[in-house]
Amino acid sequence: QKEVEQNSGPLSVPEGAIASLNCTYSDRVSQSFFWYRQYSGKSPELIMSIYSNGDKEDGRFTAQLNKASQYVSLLIRDSQPSDSATYLCAVLRGNQGGKLIFGQGTELSVKP
Amino acid sequence: KAGVTQTPRYLIKTRGQQVTLSCSPISGHRSVSWYQQTPGQGLQFLFEYFSETQRNKGNFPGRFSGRQFSNSRSEMNVSTLELGDSALYLCASSGGQGYTEAFFGQGTRLTVV
Chain A
1 QKEVEQNSGP LSVPEGAIAS LNCTYSDRVS QSFFWYRQYS GKSPELIMSI YSNGDKEDGR
61 FTAQLNKASQ YVSLLIRDSQ PSDSATYLCA VLRGNQGGKL IFGQGTELSV KP
Chain B
1001 KAGVTQTPRY LIKTRGQQVT LSCSPISGHR SVSWYQQTPG QGLQFLFEYF SETQRNKGNF
1061 PGRFSGRQFS NSRSEMNVST LELGDSALYL CASSGGQGYT EAFFGQGTRL TVV
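Read top to bottom, the protein sequences are chains A and B.
The first sequence finishes on residue 112 if you use this note's numbering, and the numbering steps up by one all the way, no holes.
The second sequence finishes on residue 1113 if you use this note's numbering, and the numbering steps up by one all the way, no holes.
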């Protein structure tokens, strides 16, 4: 079992729809969770961080965390073609230091 | 505020050679982490430096090494290059004391021929 798992996709949604991206993790002591967006040929860009159970909203993005189920999700409302990218879920290993464990990423395609 | 700067952006090396990559973190950030990204393995953690000390290490062979200087700039070295080392090498910078968000540089694309 991989430490961080994501559906590889591709996930295709029409413009204006809600895109839902999911991630599960295996390390129960993990405390910090991140979503990165990576456009083809570019480096990952941090778009959301979440540390507590529940929802965290930032503009069109909502991150959801359920530590009991070891589940993190990212919702993108009013999806735009410019949101087409690979979305990487990252989990901080343990509780100290900068060792991020990444999922394989979910490729999102938003069709006009 | 300047972001994370990695140099060079592109490199082509021959098998058996060694290579050194450089990373300048965001001003004030003390933690620098290195990652390797390949199509098959995705993003994998190499190591992290904080205040000139290696704080975490991934599961890579000893050919991969790094260091951090007093100004927080970091270098990564790969010796005896293999074809499989061809990858995008990414550096991430964070505040570091209690863990904070990590920001990536543009990466160095290494091709081993």
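Just so you know, these hints were derived from the structure itself, not from any lab.
Be aware that one or more of the hints could be misleading.
[To be verified] Each computed SDA-like pair below joins lysine to any residue, with the alpha-carbon atoms no more than 25 Å apart:
id, chain 1, residue 1, chain 2, residue 2
1, A, Lys42, A, Gln70
2, B, Lys1057, A, Arg28
3, A, Lys56, B, Phe1103
4, A, Lys99, B, Phe1064
[Unchecked claim] Not the full set, but computed from the structure, chain A residues with beta-carbon under 7 Å of chain B:
id, residue
5, Ser40
6, Gly41
7, Ser43
8, Leu46
9, Pro81
10, Lys99
11, Phe102
12, Gln104
Values in this document were obtained by computation on a predicted structure and should not be read as measured data.
All C-beta atoms in this analysis are idealised placements derived from N, C-alpha and C, irrespective of residue type, glycine included.
Practice task
Return the status of the interface hint for Gly41 of chain A: holds when the least beta-carbon distance to chain B is below 7 Å, violated otherwise.
Solution key: Because about 9 Å separates Gly41 of chain A from the closest Cβ in chain B, which is outside the 7 Å limit, the hint is violated.
Handout entry: Restraint outcome when Gln104 of chain A is required to lie within 7 Å of chain B by C-beta distance
Key = 5 Å, holds
Handout entry: Agreement of Lys56 of chain A and Phe1103 of chain B with the hint, judged by alpha carbon distance not exceeding 25 Å
Key = Given that 25 Å is the threshold and the Cα spacing comes to 20 Å, the pair holds.
Handout entry: Given pair status - Phe1064 of chain B, Lys99 of chain A, alpha carbons within 25 Å
Key = 16 Å, holds
Exercise for the section: Using 7 Å as the Cβ threshold, decide whether Pro81 of chain A counts as touching chain B. Expected result: 23 Å, violated
Practice task
Double-check Ser40 of chain A for me: the hint is only fine if its C-beta lies closer than 7 Å to a C-beta in chain B.
Solution key: 12 Å, violated
Practice task
Below or equal to 25 Å on CA atoms is what counts here, so check Lys42 of chain A against Gln70 of chain A.
Solution key: Judged against 25 Å, a Cα distance of about 29 Å means the pair is violated.
Practice task
Would you check whether Leu46 of chain A satisfies its interface hint, that is, whether its CB is within less than 7 Å of any CB in chain B?
Solution key: 6 Å, holds
Practice task
Return the status of the interface hint for Lys99 of chain A: holds when the least beta-carbon distance to chain B is below 7 Å, violated otherwise.
Solution key: This interface hint holds because 4 Å falls under the 7 Å limit.
Exercise for the section: Verify the interface restraint on Phe102 of chain A: the C-beta must sit less than 7 Å from at least one C-beta of chain B. Expected result: Holds: closest Cβ of chain B sits about 4 Å from Phe102 of chain A, inside 7 Å.
Practice task
Double-check Ser43 of chain A for me: the hint is only fine if its C-beta lies closer than 7 Å to a C-beta in chain B.
Solution key: 4 Å, holds
Problem - Agreement of Lys1057 of chain B and Arg28 of chain A with the hint, judged by alpha carbon distance not exceeding 25 Å - result: 20 Å, holds
Checked against the numbered hints given earlier, the structure breaks hints 1, 5, 6, 9 and satisfies all the rest.
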